[in-house]
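Turn these sequences into a full structure, and let the hints guide you.
Everything in the sequence shown is counted per numbering that gives the first Met the number 0, starting at 0 for the first residue and increasing by one.
Since the hints were derived computationally from the structure, they do not count as laboratory data.
Some hints here could point you the wrong way.
To be verified - Below, computed lysine to aspartate or glutamate pairings styled on DMTMM-like, alpha-carbon distance capped at 20 Å: (1) LYS250 x ASP144; (2) LYS40 x GLU164; (3) LYS61 x ASP203; (4) LYS116 x ASP144; (5) LYS61 x GLU91; (6) LYS250 x ASP280; (7) LYS183 x ASP269; (8) LYS40 x GLU29; (9) LYS181 x GLU124; (10) LYS32 x ASP51; (11) LYS181 x ASP144; (12) LYS183 x ASP166; (13) LYS216 x GLU91; (14) LYS181 x ASP203; (15) LYS61 x GLU88.
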Amino acid sequence: MSNKLSRIKERTRNILEAVSLLESSKNVKEVVKCIKSPYYKPRPSLWSLRTDYIDKRIGVSKRWNYAYIRIPKCANSLVTVNLDYYLPEKGEYPRRNPRVVSKARRNFHRLRSLSKKEINFLIEEGHVFVVVRNPYHRILSAYLDKINRPSYVEQYGSGIREAGENDLSFTSFCMWLNCNNKYKNPHWFPQVEYINTIGIHNIDYIWDINKVENMIKRIVYILSENNPNCVHDPHFGSHDAEDHKTHAASKTLEYYNEKSIEIIQNLYRDDFELLGYDTSDIGR
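Right, dumping it as structure tokens:
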């Protein structure tokens, strides 16, 4: 009886949260998508305007039974291309040639599209992994990669100048982020937002970006252990993933000052704490 009562209470709480979100959300369609999804329906705490952005960046393989959490600016282009090359969702493996990132992303299914049975199989028997990064380096990398592109300057430039020091410097960018703007774009969402979608307790492997090559080799080996046709020699650096590299870790002292350090420490405090990065470790 107590179990039945607790289930009723949980369902009631979920309904109330759904109603609250529907009333406050500017994107009712997004909430409705969550309600229809076997994965998100019982997890109303994940329903938000950010859910769709994050769901797109959790790549699921039904063939190999894994989920890769593709955090932007954490070598996700490099990892995506290699997974698509060595562990394609369809056809022979490895592929004859690596595909460009935009096509490699299509290799994945999404959490939202999984059935309840597929979700349970993934969580209970599959492999879930993620590459993470020092928050100082990641946000600088996002700035270096994005805030020199005309489309990004057009979209965010005036706001950055207004919130900052009337320029597009990294300090001004950080000041703009600090004005409730860290959720304006997935490239500067906190890493914990991606991780919490699945839950850190359900993640089998968490690798720092500096170990990404070993991580790719390890994952390919684990998932293809019984498949002799799969080559255990990941193909690094010969695709368009190289275009996204900013080498931010070697440039932190050039861009950071006391103000920007304080802002990033506060905005991404959960990333530092959950992922074990030292707030005093600004250099490589």
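task = Given the hint that LYS183 pairs with ASP269, test it: the Cα-Cα distance must not exceed 20 Å.
result = holds, 18 Å
request  = Given the hint that LYS40 pairs with GLU164, test it: the Cα-Cα distance must not exceed 20 Å.
outcome  = violated, 44 Å
request  = Could you grab the alpha-carbon distance between LYS183 and ASP166 and see if it respects the 20 Å cut-off?
outcome  = holds, 19 Å
task = Below or equal to 20 Å on CA atoms is what counts here, so check LYS250 against ASP280.
result = holds, 13 Å
request  = Starting from LYS181, check that the Cα of ASP144 is at most 20 Å away, please.
outcome  = Measuring from Cα to Cα gives roughly 16 Å; hence the hint holds.
message = Need the status of pair LYS181, ASP203: alpha-carbon distance at most 20 Å?
response = The hint is violated at about 28 Å.
20 Å Cα cutoff - pair LYS61, GLU88 = Within the cut-off at roughly 7 Å; holds.
Hint consistency between LYS250 and ASP144 [alpha-carbon to alpha-carbon, up to 20 Å] = holds, 13 Å
task = For the pair supplied as a hint, LYS40 and GLU29, confirm whether the alpha-carbon distance does not exceed 20 Å.
result = holds, 12 Å
Hinted pair LYS32 and ASP51, Cα distance within 20 Å = holds, 9 Å
request  = Below or equal to 20 Å on CA atoms is what counts here, so check LYS216 against GLU91.
outcome  = holds, 19 Å
inquiry  = Check the hint pairing LYS61 with GLU91 against an upper bound of 20 Å on the C-alpha distance.
reply    = holds, 15 Å
The structure does not agree with the numbered hints 2, 4, 9 and 14 stated previously, though it agrees with the rest.
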